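Work out the full structure, taking the sequences as your base and the hints as a guide.
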Amino acid sequence: MTLRLPAFELLTPQTLEAAVAMLADPAATIIGGGTDLLPKMKRRQVTPPTVVSLRGITEMSGIHTDDEGRCVIGASTVLEQIAISTVVPPVLAAAARQVASPQIRNTATIGGNLCLDTRCNYIDMPELWRQASGHCLKDGGEVCWIAPKGNRCWAISSSDLVPVAIALDCSVRLASRDGDRVIPIEDLYQNDGIAHQTMSGDEILVELLVPRCDVRATYRKLRRRDSIDFPLVGVAAAARFDQTKTCTSARIIIGAVASAPLRATDAERLIVGRKLTEDVIEEAAQLAARPVRTQDNTDMGSRYRKWMTSVYVSRALRDLVVEDA
Amino acid sequence: MSVGSSSIRIDAHAKTTGEAQYPGDRAPAHALAARVVFTDQPHARLLRLDVAKAEQMPGVIAVFTGRDVPVNEYGLTEFDQPVFVSIEHTGRTKVESDISRWEADHLALVVADTDEQATAAAAMIEADWAQLPIVADIDQALAPNASLVHPELKLDSNIYHTYKIRKGSIDAAWADAAVIIETTYELPYQEHAYLQPEAAVSYIDEEGRVTLEVAGQWAHEDQEQIAHALDLPVDQVRVIYPAIGGAFGGREDMSLQIVLGLAALRLAERGEHRPIASRWSREESIVGHHKRHRGRIHAKWGADSNGKLVAVQSEAWLDAGAYNYTTNKVLGNCHLGQAGPYEVPNAQIDSHAVYTNSVPGGAFRGFGGPQAAFAAESQMNKLAEALGIDPVEIRLRNAVHDGSIGITQTVMPAGVTMLQVIERCASESQFHQPLTPAEPFSPFASLPPVEGDLLRGRGFACSFKNVGFSFGFPERCEATIVLHGKPDSPTAERGELFHAGADVGQGAHTAFLQMAAEATGLAFENMTGGFSDTSSSGDSGSASASRLTFMSGNSILGAAEAADKAWRNGDRPAVGHFRYVPPPTEALDPETGAGAPNFSYGYVAQTVELTVDRATGHIVVDRVVSTHDVGRAINPANVIGQIEGAVVQAHGYALSERLQVENGRVLNPRFSTYLIPGIGDVPTRIESVVLELADPNGPWGARGMAEMPFMTYAPAVVAALHDATGVWFDSFPLTPDRVTAVLAQAAAPSSSGR
Ligand SMILES: Cc1cc2nc3c(=O)[nH]c(=O)nc-3n(C[C@H](O)[C@H](O)[C@H](O)COP(=O)(O)OP(=O)(O)OC[C@H]3O[C@@H](n4cnc5c(N)ncnc54)[C@H](O)[C@@H]3O)c2cc1C
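As given, the protein sequences belong to chains A and B, one line each in that order. Numbers given in our numbering equal positions in the first sequence, counted from 1, plus 344. Numbers given in our numbering equal positions in the second sequence, counted from 1, plus 17.
Just so you know, the hints here were simulated from the structure itself, not pulled from any lab data. Every value quoted in this text rests on a predicted model; they were computed, and no experiment measured them. Do not rely on the hints blindly, as some may be mistaken.
Said to hold, decoys possible - Chain A residues, not near chain B, derived (Cβ > 10 Å throughout):
id	residue
1	356
2	357
3	361
4	366
5	391
6	402
7	406
8	409
9	491
10	521
11	538
12	588
13	590
14	627
15	630
16	666
To be verified - Residues on chain A that point at chain B, a partial pick, calculated with CB under 10 Å:
id	residue
17	445
18	465
19	470
20	473
21	566
22	573
23	643
24	644
25	645
26	647
27	648
28	651
29	655
30	659
Every residue gets a Cβ at the ideal spot worked out from N, C-alpha and C, and that includes glycine.
Set out below in structure tokens:
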């Protein structure tokens with residue numbers, strides 16, 4: 345059966361105020377590039393009667409530096425623009441380059457990437473399929489087919505940019521009828537496959553605020569192929585070092601192993617105050633992987649993905665090691 | 018000279034600009050839309066089928082089911098599949114047609130004004146089923162009390178076809194072996210993944226023929242199968258192939274041909290003459306057509322201390338799925354290939370086709386050869402390792418040559434060039450120079466430059482593949498050439514070639530015209546073609562089995578000679594027709610496998626160099642040297658295109674493509690989860706080395722070549738991976754999780770190392 349879009353009304357506001365007003369309607373859903381939303385609509389995972397496109401709002405697109413030296417990325421900026429940008433921190437550009445394919449990066453927006461729905465082998469199937477196997481929790485059913493005994497959804501947070509944005513301690517500006525608010529991006533996510541975001545349905549993510557980048561940072565993405573694969577594990581790490589190469593602050597964020605990006609706080613604590621020797625890196629990698637509970641809900645098995653979490657954390661930390669001049 | 022030059026393909030402009038018309042582009046605006054309804058039942062008996070509600074839906078013109086089909090059976094080699102699963106028998110069907118044996122068996126065809134209406138109506142079809150035990154895979158099929166997928170065959174198991182080879186005495190021979198290697202290999206499915214999903218348009222043409230515009234590989238065979246099911250004389254059916262978006266064996270069997278032909282026939286009887294069009298989605302395509310067979314080969318090989326083979330014992334099982342398709346033929350190739358291109362004094366080989374309720378196995382580039390080559394070449398590489406003999410050297414000591422007695426106890430057809438191809442491949446790839454160690458690099462976004470974890474390795478494999486179906490099959494190929502020019506002129510001004518051979522994207526029609534120009538002495542530009550229409554061309558046979566250039570070239574040579582004779586007789590235009598029949602072949606003896614099954618072979622050897630990240634299991638293939646004897650490269654650019662394309666396709670087979678099938682259902686029928694290689698994944702360098710050692714029967718010496726590059730790739734990759742890691746991999750695809758798991762197992766203290 346050829347998958348076709350269900351009927352919907354497309355609204356194209358030209359100003360943020362107009363968009364905010366349209367989103368007061370609970371039946372309205374935001375569309376950025378549509379690279380995630382439209383396939384989901386074709387599979388009837390969501391069937392919003394009204395879709396509000398943000399692409400006509402010119403001030404929501406583009407990258408600039410504000411008075412505080414922060415890099416401000418409008419939510420409608422396409423990923424390719426970020427990938428080739430010399431203004432954004434190189435690690436963010438590098439992560440953007442690893443998303444999907446050139447065609448998708450030229451359409452997909454950063455707003456959509458930061459608000460990307462969680463993914464799972466069961467839910468991301470055509471409607472007929474889901475009917476036949478029985479609807480899962482995220483699909484309005486009673487059970488999670490991945491972990492039928494529990495009562496939560498294990499769908500995976502699969503954005504490549506979110507772990508990096510958290511590692512860089514970015515913030516986001518959200519707009520709604522009640523006005524604007526700026527929150528640390530870390531607070532936007534929670535570890536639940538269904539309610540994976542804390543923002544409310546009528547809020548628009550307007551922009552990403554990237555603080556002046558004075559950290560060493562890296563992003564390592566595990567996938568099967570080099571072409572077009574979602575992350576199976578994504579590790580973003582950022583740290584500062586003093587003159588003696590001792591780590592003074594650290595963030596290690598693991599993507600694609602839970603319904604929200606996981607912060608490896610134990611490993612962060614371990615490396616702060618130490619030099620990144622091989623022993624320290626190995627210990628930190630083990631610590632980081634310990635709480636990870638991967639499920640068999642994406643490509644390649646859960647055991648492999650958990651195992652690779654430690655490999656990828658150690659590789660990410662090695663990237664941060666300050667070489668001798 | 019037309020032959021031997023890389024003429025620009027005649028379809029290049031249209032395909033680059035998008036003007037080329039594929040079957041899905043052929044539907045006129047007023048065409049009706051048809052939707053095939055699959056049973057969605059891997060194994061069940063139909064108890065009730067009610068289409069009344071569907072017929073009442075808006076826009077619906079008709080709903081066709083088994084009761085509308087004159088002869089409710091079809092199949093390329095055996096009529097073992099119902100056109101529609103149905104309760105109402107026509108009395109002219111061999112199979113029990115009320116049983117669905119495959120999730121993609123057809124239940125009905127809904128025809129409506131629009132596709133949306135047909136889809137909506139399809140959902141209103143009501144069917145009740147009694148579930149039958151699902152025979153999910155080879156293990157279940159061979160279990161002692163297994164349910165039978167085809168009880169009507171009255172066999173005592175699901176094994177329905179077996180080939181044997183009994184040559185010399187293996188029992189006595191094992192005593193002469195210095196080394197014996199015994200392994201069970203597991204071979205995965207592969208999806209063809211052609212660009213163009215199944216599509217077709219049907220109508221009654223101006224001469225009253227049921228006409229199909231569709232993509233296939235053998236127009237006259239399609240025509241015959243349609244005529245059989247519709248109970249029409251063959252000449253009342255016409256099959257036309259517009260542009261074809263890839264095939265690789267995946268279009269040898271029926272998809273939309275019969276059901277859309279049926280709709281055209283029945284609707285015309287009701288005075289409805291609008292054309293009928295249908296197009297499958299990618300998911301329908303992957304669920305709804307056959308795959309490269311999954312299978313298992315258990316091989317035991319022995320060699321003496323000089324590396325000479327003393328005995329080969331081998332047993333293979335191919336999962337045929339629910340219907341035969343071309344399994345019995347594919348099995349024949351797999352059978353022959355299990356002893357490799359080697360002289361083997363003693364052999365015992367058994368190859369079985371096994372029915373299950375899984376997706377049918379069928380033709381796919383290499384036709385059973387790649388599965389056999391994986392086992393045979395892995396065995397050879399393991400023998401070389403165990404004996405401490407170089408992998409090239411051990412092959413040179415065993416490979417067949419002119420005059421060799423093949424595994425079927427007859428002399429190999431003349432023109433055996435295995436030794437030359439092996440030697441050339443070894444020298445071109447500098448196989449005996451030390452391999453440079455891995456440099457820290459990152460061609461792969463997820464393969465970071467971590468020096469300590471990167472290992473390099475190099476592997477070698479060689480193989481052969483028959484040209485044509487053969488095994489006694491009555492091969493033939495027809496061509497017609499028409500020469501135009503002045504009555505008093507000694508030479509023609511221009512020529513036309515009529516040929517049914519399918520250009521599935523490989524450039525066949527360009528090669529045909531090059532050969533026709535060469536044979537008639539006309540310039541390439543002055544030769545035009547009328548192709549792939551059963552109403553204007555004779556039977557060409559299939560575009561498969563690496564046979565088309567060989568067969569068509571010979572047919573064209575004969576037609577040119579006949580046309581030239583007619584020209585000299587004064588005919589204007591001068592018409593020459595020729596039907597080429599290659600040297601005869603034989604079916605194998607059922608007990609000993611003795612016989613002369615083939616008239617020609619193509620030979621291949623490959624060196625693969627790779628880097629593996631032992632911590633993550635990622636593999637990057639750095640270099641492939643693919644060496645072929647093609648006899649004569651009619652169009653060298655297209656030959657290289659076939660080599661590079663086959664290597665890339667084999668790369669997916671070896672490394673990333675994993676079709677998940679559980680309980681008779683394909684679980685990942687989409688390219689987001691069935692992962693074919695992208696441009697970032699394919700080998701960094703593919704070097705094509707082309708030898709032109711003429712085949713004595715080939716046109717201008719040409720041999721078939723397009724399947725051969727596929728044959729050796731997976732075993733060469735596994736050999737290179739062993740060279741890098743010291744560990745053998747007996748199953749694939751070599752996905753990172755499998756690679757790390759096998760490496761970890763080998764490193765575990767309890768493991769013997771293999
Ligand atoms: C084949 C394929 C491969 C992919 N690979 C990757 C990958 O490797 N890595 C990766 O990270 N992603 C990947 N994606 C997912 C997706 O393409 C990207 O995440 C993309 O950035 C999403 O952006 P979009 O603008 O297209 O989002 P949309 O589809 O337009 O929206 C996605 C979601 O975000 C919401 N949304 C969008 N904009 C806003 C906003 N401003 N405020 C609030 N909510 C908003 C939408 O309502 C929707 O729920 C892939 C997708 C495909 C189809």
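Structure-based check of each hint:
no.: 1; hint: 356; result: holds, 25 Å
no.: 2; hint: 357; result: holds, 30 Å
no.: 3; hint: 361; result: holds, 38 Å
no.: 4; hint: 366; result: holds, 28 Å
no.: 5; hint: 391; result: holds, 16 Å
no.: 6; hint: 402; result: holds, 33 Å
no.: 7; hint: 406; result: holds, 26 Å
no.: 8; hint: 409; result: holds, 28 Å
no.: 9; hint: 491; result: holds, 19 Å
no.: 10; hint: 521; result: holds, 37 Å
no.: 11; hint: 538; result: holds, 21 Å
no.: 12; hint: 588; result: holds, 25 Å
no.: 13; hint: 590; result: holds, 24 Å
no.: 14; hint: 627; result: holds, 17 Å
no.: 15; hint: 630; result: holds, 14 Å
no.: 16; hint: 666; result: holds, 17 Å
no.: 17; hint: 445; result: holds, 8 Å
no.: 18; hint: 465; result: holds, 8 Å
no.: 19; hint: 470; result: holds, 7 Å
no.: 20; hint: 473; result: holds, 9 Å
no.: 21; hint: 566; result: holds, 5 Å
no.: 22; hint: 573; result: holds, 7 Å
no.: 23; hint: 643; result: holds, 7 Å
no.: 24; hint: 644; result: holds, 4 Å
no.: 25; hint: 645; result: holds, 6 Å
no.: 26; hint: 647; result: holds, 8 Å
no.: 27; hint: 648; result: holds, 4 Å
no.: 28; hint: 651; result: holds, 7 Å
no.: 29; hint: 655; result: holds, 5 Å
no.: 30; hint: 659; result: holds, 5 Å
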